[in-house]
Amino acid sequence: MNNEQDHRSWLEDLETRHLEGERRTTAGVRICQLLLLTAFFGLWELAGRYKWVDVLLFSYPSKLFHHLWTTLLDGTLLPHIGVTVVETVAGFLLGTLLGAAFAALLWWSPFLSRVLDPYLVVLNSMPKVALGPIFIVSFGSGYTSIIATTLSVTVIITTLVIYNAFRETDANYVKVVRLFGGTKSQVFGKVILPAAFPVMVSTLKVNVGLSWVGVIVGEFLAARMGLGYLIIYGFQVFNFTIVLSSLIVIAIVAAAMYQLVSMLETKLTSGRRGR
Amino acid sequence: MAAMLKLESVSHAYLGGQGTALAVEEVNLEVLTGEFVSLVGPSGCGKTTILNLLAGLFPPSRGHVLLDGKPVQGPDVRVGYMLQQDYLFPWRTIKSNALIGFEIRGEQSEKAERKVLDLLRELGLDGSAERYPQELSGGMRQRAALVRTLAGEPDVLLLDEPFSALDMHIKLQLEELVWQALRKRGKTAVLVTHDLQEAAAMSDKIVVLAANPGRVERVITVPESIRQAGPSASRKLADFEPLVGQLWTQVAEYDAGPAGGAAYEQ
Numbered sequence: 001m002n003n004e005q006d007h008r009s010w011l012e013d014l015e016t017r018h019l020e021g022e023r024r025t026t027a028g029v030r031i032c033q034l035l036l037l038t039a040f041f042g043l044w045e046l047a048g049r050y051k052w053v054d055v056l057l058f059s060y061p062s063k064l065f066h067h068l069w070t071t072l073l074d075g076t077l078l079p080h081i082g083v084t085v086v087e088t089v090a091g092f093l094l095g096t097l098l099g100a101a102f103a104a105l106l107w108w109s110p111f112l113s114r115v116l117d118p119y120l121v122v123l124n125s126m127p128k129v130a131l132g133p134i135f136i137v138s139f140g141s142g143y144t145s146i147i148a149t150t151l152s153v154t155v156i157i158t159t160l161v162i163y164n165a166f167r168e169t170d171a172n173y174v175k176v177v178r179l180f181g182g183t184k185s186q187v188f189g190k191v192i193l194p195a196a197f198p199v200m201v202s203t204l205k206v207n208v209g210l211s212w213v214g215v216i217v218g219e220f221l222a223a224r225m226g227l228g229y230l231i232i233y234g235f236q237v238f239n240f241t242i243v244l245s246s247l248i249v250i251a252i253v254a255a256a257m258y259q260l261v262s263m264l265e266t267k268l269t270s271g272r273r274g275r
Numbered sequence: 276m277a278a279m280l281k282l283e284s285v286s287h288a289y290l291g292g293q294g295t296a297l298a299v300e301e302v303n304l305e306v307l308t309g310e311f312v313s314l315v316g317p318s319g320c321g322k323t324t325i326l327n328l329l330a331g332l333f334p335p336s337r338g339h340v341l342l343d344g345k346p347v348q349g350p351d352v353r354v355g356y357m358l359q360q361d362y363l364f365p366w367r368t369i370k371s372n373a374l375i376g377f378e379i380r381g382e383q384s385e386k387a388e389r390k391v392l393d394l395l396r397e398l399g400l401d402g403s404a405e406r407y408p409q410e411l412s413g414g415m416r417q418r419a420a421l422v423r424t425l426a427g428e429p430d431v432l433l434l435d436e437p438f439s440a441l442d443m444h445i446k447l448q449l450e451e452l453v454w455q456a457l458r459k460r461g462k463t464a465v466l467v468t469h470d471l472q473e474a475a476a477m478s479d480k481i482v483v484l485a486a487n488p489g490r491v492e493r494v495i496t497v498p499e500s501i502r503q504a505g506p507s508a509s510r511k512l513a514d515f516e517p518l519v520g521q522l523w524t525q526v527a528e529y530d531a532g533p534a535g536g537a538a539y540e541q
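Which chain is which? The protein sequence lines are H and G, in order. Quick note: the first sequence uses this note's numbering, first residue 1, plus one each step. Quick note: the second sequence uses this note's numbering, first residue 276, plus one each step.
One should not assume that every hint holds.
[As the list claims (entries may be wrong)] Subject to a maximum C-alpha distance of 30 Å in a straight line, what follows is the list of computed DSS-like cross-link-like pairs (lysine-lysine):
1. H:K267 with G:K370
2. G:K345 with H:K184
3. H:K184 with G:K370
4. G:K480 with G:K511
5. G:K345 with G:K480
6. H:K184 with G:K386
7. H:K184 with G:K390
It should be emphasised that the hints constitute simulated quantities derived from the structure, not laboratory data.
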């Protein structure tokens, strides 16, 4: 009895010390992160104020935040954020859906998949944003071209990734459904699709990042609104405070969006791993 | 008694990118109603090919596969199949996994659900109906897979090494369980195995196959005493070891075939 308690307290000690160590490491990491951030903005501020760098080009943080604050208050910033966010969300949702649909088509018809294989390879290795001007002349300068540019970035890679996931599904699961007399569409609905579901959700996450590339480039080329437009506009009127403050907004919004999709991923797939 | 399953001079070749592989050649086989037949033999003897042909997963290149006297056209409700592993869908509960056959045939009903729940109870899984496969041990999962197979009340059971991935004591339990379930229901079964003791303990008839290409080398009838005893009891009978010994010599003999004595495995 006594021995058992000794044994337990020894274990508890070990655990407390381990947790304490973990906590200290986490605190250290947080402090370093905060230091890096302050150092970056602090140095930038000093460099701007003391004219170590060209203020016209590099501006400085207090000026940026002041600009952001005023445009936020007078309501001129939010519409730009709104437009870009809507385009990005539309881009990655549509991109993932279309990619999944294409992948399904390729899975369904091995013949088609063989026919399209070289084209997919070429399209995949091509820098898709180079197609931007083509989209503008085809769809006019507006949302349609921007979303088309975004889709060109996301759809091909999504198709390839999901198609691979479809093909890598364990053949024995397919066999189970076939042994019960399942048809091809039942094999797809009951095995292939649910088995590839985690991959599809994770492509959603990859596509958030890719969609930002597509949307910003699209807005560079053809837009009257949006954060990409603000960057180009600031550049053209040589007001780099606008350019840099837009970059900060993009960093914040893009990170927030990525976190949201990450949370969604955990939520959608937790059922499988946890259970 | 009538033949439930019949292979009539069946040959099958796999056509692939690396050329043609003749898996089985001129196989004739008869499985009577209510009979338990095991297929044993070295790797490459086409055991699983024969099972897949019987299941109607693909037609034979030559010859005929008959189920209850009629040619097999494709997977049939009357035929149940158990794979080497459970292959329960991880995103479905045990109950939903067991119901998938009904779901595929569009025969979901309260009656089907009750039958599955009864079977789960019979196989000691009543507490696990709403759990997911990952939460269950290997033996429980294979029992759940057995429920999935038995739920459609097949007349014929095809068993593709369903006990090979399990620990010894669970394997013996499951052998007993399957044997009892089949005997009680008077079902026909074909078992593919690389475990000669298992074949001897469970079967009425053992078909020894030779490899490259797969063909029937010999059919051994199991003595009545072993047949009547269940798989666990029969292992203790005096006739048992000699039978396994006989199987060993035969399989080893055909193993040293044209391939040059490939290791006896699978």
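field: Hints violated by the structure (listed by number, smallest first)
entry: none
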